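Trainee: What follows is each chain in one-letter form.
Protein chains: 2
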Amino acid sequence: MLRTHNCGELNLSNTGQTVTLSGWVQRSRDLGGMTFIDLRDRYGITQLVFNMETNAFLCEEARKLGREFVISATGQVAERSNKNPKIPTGDIEIIVNKLDILNSSKHPPFTIEDNTDGGDELRMKYRYLDLRRNPVRDNLLLRHRMAIETRNYLNNIGFIEIETPVLIKSTPEGARDFVVPSRMNEGQFYALPQSPQTFKQLLMVGGIDKYFQIVKCFRDEDLRADRQPEFTQIDCEMSFVTQDDILKTFEGLIKHLFIKVKEVEITSLPQMSFAEAMKNYGNDKPDIRFEMTFVELTDLVKGHDFRVFDDAELVVGINARGSAGYTRKQLDALTDFVKRPQVGATGMIYLRYNEDGSLKSSVDKFYNEEELKKWAAAFDARPGDLMLILAGNTNKTRKALSELRLEMGNQLGLRNPDVFAPLWVVDFPLLEWDDETQRYYAMHHPFTSPKPEDIALLDSDPGKVRANAYDLVINGVEIGGGSIRIYNRDLQKKMFTILGFSDEDAQAQFGFLMNAFEYGAPPHGGIAFGFDRMCSLFGGSESIRDYIAFPKNNAGRDVMIDSPAPIKQEQLDELHLKVTLTEKKQSN
Amino acid sequence: MLRTHNCGELNLSNTGQTVTLSGWVQRSRDLGGMTFIDLRDRYGITQLVFNMETNAFLCEEARKLGREFVISATGQVAERSNKNPKIPTGDIEIIVNKLDILNSSKHPPFTIEDNTDGGDELRMKYRYLDLRRNPVRDNLLLRHRMAIETRNYLNNIGFIEIETPVLIKSTPEGARDFVVPSRMNEGQFYALPQSPQTFKQLLMVGGIDKYFQIVKCFRDEDLRADRQPEFTQIDCEMSFVTQDDILKTFEGLIKHLFIKVKEVEITSLPQMSFAEAMKNYGNDKPDIRFEMTFVELTDLVKGHDFRVFDDAELVVGINARGSAGYTRKQLDALTDFVKRPQVGATGMIYLRYNEDGSLKSSVDKFYNEEELKKWAAAFDARPGDLMLILAGNTNKTRKALSELRLEMGNQLGLRNPDVFAPLWVVDFPLLEWDDETQRYYAMHHPFTSPKPEDIALLDSDPGKVRANAYDLVINGVEIGGGSIRIYNRDLQKKMFTILGFSDEDAQAQFGFLMNAFEYGAPPHGGIAFGFDRMCSLFGGSESIRDYIAFPKNNAGRDVMIDSPAPIKQEQLDELHLKVTLTEKKQSN
Chain U
1 MLRTHNCGEL
11 NLSNTGQTVT
21 LSGWVQRSRD
31 LGGMTFIDLR
41 DRYGITQLVF
51 NMETNAFLCE
61 EARKLGREFV
71 ISATGQVAER
81 SNKNPKIPTG
91 DIEIIVNKLD
101 ILNSSKHPPF
111 TIEDNTDGGD
121 ELRMKYRYLD
131 LRRNPVRDNL
141 LLRHRMAIET
151 RNYLNNIGFI
161 EIETPVLIKS
171 TPEGARDFVV
181 PSRMNEGQFY
191 ALPQSPQTFK
201 QLLMVGGIDK
211 YFQIVKCFRD
221 EDLRADRQPE
231 FTQIDCEMSF
241 VTQDDILKTF
251 EGLIKHLFIK
261 VKEVEITSLP
271 QMSFAEAMKN
281 YGNDKPDIRF
291 EMTFVELTDL
301 VKGHDFRVFD
311 DAELVVGINA
321 RGSAGYTRKQ
331 LDALTDFVKR
341 PQVGATGMIY
351 LRYNEDGSLK
361 SSVDKFYNEE
371 ELKKWAAAFD
381 ARPGDLMLIL
391 AGNTNKTRKA
401 LSELRLEMGN
411 QLGLRNPDVF
421 APLWVVDFPL
431 LEWDDETQRY
441 YAMHHPFTSP
451 KPEDIALLDS
461 DPGKVRANAY
471 DLVINGVEIG
481 GGSIRIYNRD
491 LQKKMFTILG
501 FSDEDAQAQF
511 GFLMNAFEYG
521 APPHGGIAFG
531 FDRMCSLFGG
541 SESIRDYIAF
551 PKNNAGRDVM
561 IDSPAPIKQE
571 QLDELHLKVT
581 LTEKKQSN
Chain S
1 MLRTHNCGEL
11 NLSNTGQTVT
21 LSGWVQRSRD
31 LGGMTFIDLR
41 DRYGITQLVF
51 NMETNAFLCE
61 EARKLGREFV
71 ISATGQVAER
81 SNKNPKIPTG
91 DIEIIVNKLD
101 ILNSSKHPPF
111 TIEDNTDGGD
121 ELRMKYRYLD
131 LRRNPVRDNL
141 LLRHRMAIET
151 RNYLNNIGFI
161 EIETPVLIKS
171 TPEGARDFVV
181 PSRMNEGQFY
191 ALPQSPQTFK
201 QLLMVGGIDK
211 YFQIVKCFRD
221 EDLRADRQPE
231 FTQIDCEMSF
241 VTQDDILKTF
251 EGLIKHLFIK
261 VKEVEITSLP
271 QMSFAEAMKN
281 YGNDKPDIRF
291 EMTFVELTDL
301 VKGHDFRVFD
311 DAELVVGINA
321 RGSAGYTRKQ
331 LDALTDFVKR
341 PQVGATGMIY
351 LRYNEDGSLK
361 SSVDKFYNEE
371 ELKKWAAAFD
381 ARPGDLMLIL
391 AGNTNKTRKA
401 LSELRLEMGN
411 QLGLRNPDVF
421 APLWVVDFPL
431 LEWDDETQRY
441 YAMHHPFTSP
451 KPEDIALLDS
461 DPGKVRANAY
471 DLVINGVEIG
481 GGSIRIYNRD
491 LQKKMFTILG
501 FSDEDAQAQF
511 GFLMNAFEYG
521 APPHGGIAFG
531 FDRMCSLFGG
541 SESIRDYIAF
551 PKNNAGRDVM
561 IDSPAPIKQE
571 QLDELHLKVT
581 LTEKKQSN
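Those sequence lines, one after another, are chains U and S.
So the first sequence is numbered by our numbering: it starts at 1 and just counts up by one.
So the second sequence is numbered by our numbering: it starts at 1 and just counts up by one.
In this list, chains with the same sequence are indistinguishable; a pair is considered to hold if it fits within one copy or across any two.
Here are the simulated DSS-like cross-link-like pairs (lysine-lysine), alpha carbons at most 30 angstroms apart as the crow flies:
no.	residue 1	residue 2
1	K216	K568
2	K373	K360
3	K262	K86
4	K64	K493
5	K494	K568
6	K494	K64
7	K568	K578
8	K451	K64
9	K329	K365
10	K216	K578
11	K106	K494
12	K248	K285
13	K260	K216
14	K493	K106
15	K98	K451
16	K493	K568
17	K248	K98
18	K106	K451
19	K493	K216
20	K339	K373
21	K396	K464
Quick caveat, the hints were computed from the structure, so don't treat them as lab data.
A quick note: this is a predicted structure, and the numbers were derived from the prediction, not measured.
Throw the hints in and build the complete structure from the sequences for me.
Mentor: Given below as structure tokens:
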């Protein structure tokens, strides 16, 4: 080894020892007779000392070292006169008597400090330099620990990690597949998996009753800020289980991760039905760190000649406790907030419960004090509260009020990132109707089982059928989801029919699975967690990109290696492919 | 859970308990008044009993169950009168009082027993049924344990597992890449990694001094029986290390895996230079479970008018101790063996040291007894030994004798699959000359560092330059390989020049790495192990396919899901691609 110790481990107990450290020059200070160098590696920073009096040549050498030079230095550990209590090695320094310059460095394009001056694109282009910064390295360490703890927990309760194939077959239902042309099978393509769904179900048919895998998945979607074309899942499946067995098993995992990685004890993991979540939070992934649940006023407010309410399918509000002090300006800002196209409301009504017991509303001319008192009672309001009310189409209004609720949670400091409030959302609808294409889509995926008691509704009223499907939500973020699966060939075939598959398409794409169901498929179900998202939640960041070693940008490009890129004509020829650029691009 | 216990855990201590088991019907025996069913799950087999006298209805139900039906049965654990000592649950049976048929099964296309009647293709097509067989499941369990133990060992000594991207850039040096068309970047392609080589080096530049990853890699090669288009590596890299540090670190891993997974203690892990391996074993991956090293006779045998020897560049043999009893027929068979095109010798000379001390050779008429005694002395032969000698071009002869040595090892029972003899082969040449293309190729890869003392030879005699490269070989199988890397931009550039890259090509393909070397790259090196191969070695099988859950066949096809397959025209259009089938295929 080109070192005897690392830069984070020496302390007073090592005084007098001769040691060799290797690392990067973080900072160099030249104080006339002495030169100090902060040497950095993955583990910390140690101060090196060069003395002009005792070794002028070495000191001169040290003075030539620039930022990020890689050196190896040998010397004696000595107690510092000027101790630095902020770092674990702050009590000691190394009196260097041998210095090797292992590599030089150009001046880095941004400062390699906890807070850097580099912008996003620059840091992505020089990701190898960004990785030297403590916060980025700590994110990767957290991710590593999360993976190790997940594997050990699941291994200890009998799960087997099994690798499923990456080169599979395109199934054009759902998001777009990335495809991979096959050279040996002319004109044919593999696809990269959007998830190992069908393979894990086949493992259940194969008698592997507890499977998991931390696995890369791929979706060729138009990217948003928090999406990546390749992402990682903790993918799990179990046989001979009910929904409750799965929820209990993975409650265990979540609690284990919080204790081990965050030292946070999760004491409760409540369940809430999809219908309840939508009614009380307007959202299937409610942030339950704070209450402020929805109060429906529809029946209460109709018939007072206020058109907005009279015409509304739903009138619903939240009570922002203790916020009666909001100024006109603040209320206007909230109205602007709900009117933003992403939120989509047409306006906002407020009702203020003043400290003196009086009520003030923006619709005073339609409703008298007595009416408003009924509203306040519905909100269980007390003096000092502020009620915010939206009206309109049910789904749109709930969505808008959900956004307003989260905004109020932010404004009132109710969304503490150090508090973790996990929640199971259960009883999702099996199907979603799409007006545009006039057909049903699977809310989860086509393999999700309807609740046995709702199966009869499949023919009469498919939209009403509930599924044995569940999501794990933490702090308003969907961390994972899963379902009990169909394991009967006929029911699976019926699902495909409802989803608009022809028999031929269903057979061509999923025939292998339906065939497998004919050879003794056990009851089974599972779950998948978004591992990138989970790491970012544990790490307290909004962006999953911070938790990926080499992320891609919003155009799906790796700007460091400059990929994707054109390939050689011979490669295209071997694959029997021709690129047909559009006119616009060709003329460029 | 649809069970209280699994089918492998009940014994006499559970007698009297009411239990529920779920699983597959392995076998059913109808003995008039009683029906016995062997119920199977991942953990074992338990006998269920149905009694016509006490519960005729249930017994009738049980009699209808076919092989591989999935059932759940509840009953009392009872001591068996007719115990089966071969299985852990053989002392007990379940007197069933409740039976649920969870799923039926068609008659499986092959028997689901340890020894099956199913052929390879049939078992691949119904892989989900093959997985129910004990040997296949045990292989996957072994693989899981290998992965868990690898991760825990490396984690404990400070390695971080970091995921590198799967969608990268095509680098047409080496094997063929699989490419992935980018929809969002018209006419451009990602490539799937043949290994995370450049990314792990960038992690070293980024200060992550101990990296590993168990990772899928991809090569679009014409497949041989033991190759797969997607395969798994244990990929590792370290900074501030010498070759010896890496060898020691991964000796530790190998010893750990053997103890934990095989309960085998590896006491020695010798090193052998490439030159020595070629000279003594004719092979850079010698099986050292047995001696039978090469003895060169070239100087000893020339000048006796035997043209074959006089014209030969190399005359070399092995001593098969105690094999003087080989018959004429056996010797002829060995001659046929070495003359097979895969082995490539033109003939074989033998020298037999009879038990009575006399010598008998196939070239008696050219060499007298005294000469032959000198040969025998060179072989350190004793009465009863049989020496086998080949002659010709050095490389070809070594290769052929290496095959003969392994064949003799097999015939003499010297290659015991329960004995494990690992070995480091070191000091590989940096470059290989290729006559056909008249250029040098990197023996390991273009990032491998020449030995510092050989750098001067890069200009004068590149073929002589040795590399700090090493392979781990176990029982004649290459399990892993690695090298100390170049970390200097100029040396890396020079390597690309020697390998025939233009400056533009080198910059376009590997510019990001050479740029990274300008910002303080530390000395580093690493290794990668073929995980599929390693599992098959530990499991005692020749085929890596047995250790992959869903393998592809020799044409790169997954016959279970029928992939690759054509994709829809809309998918091609979105990707701006046209398939240009060759004439022959189009007319089909």
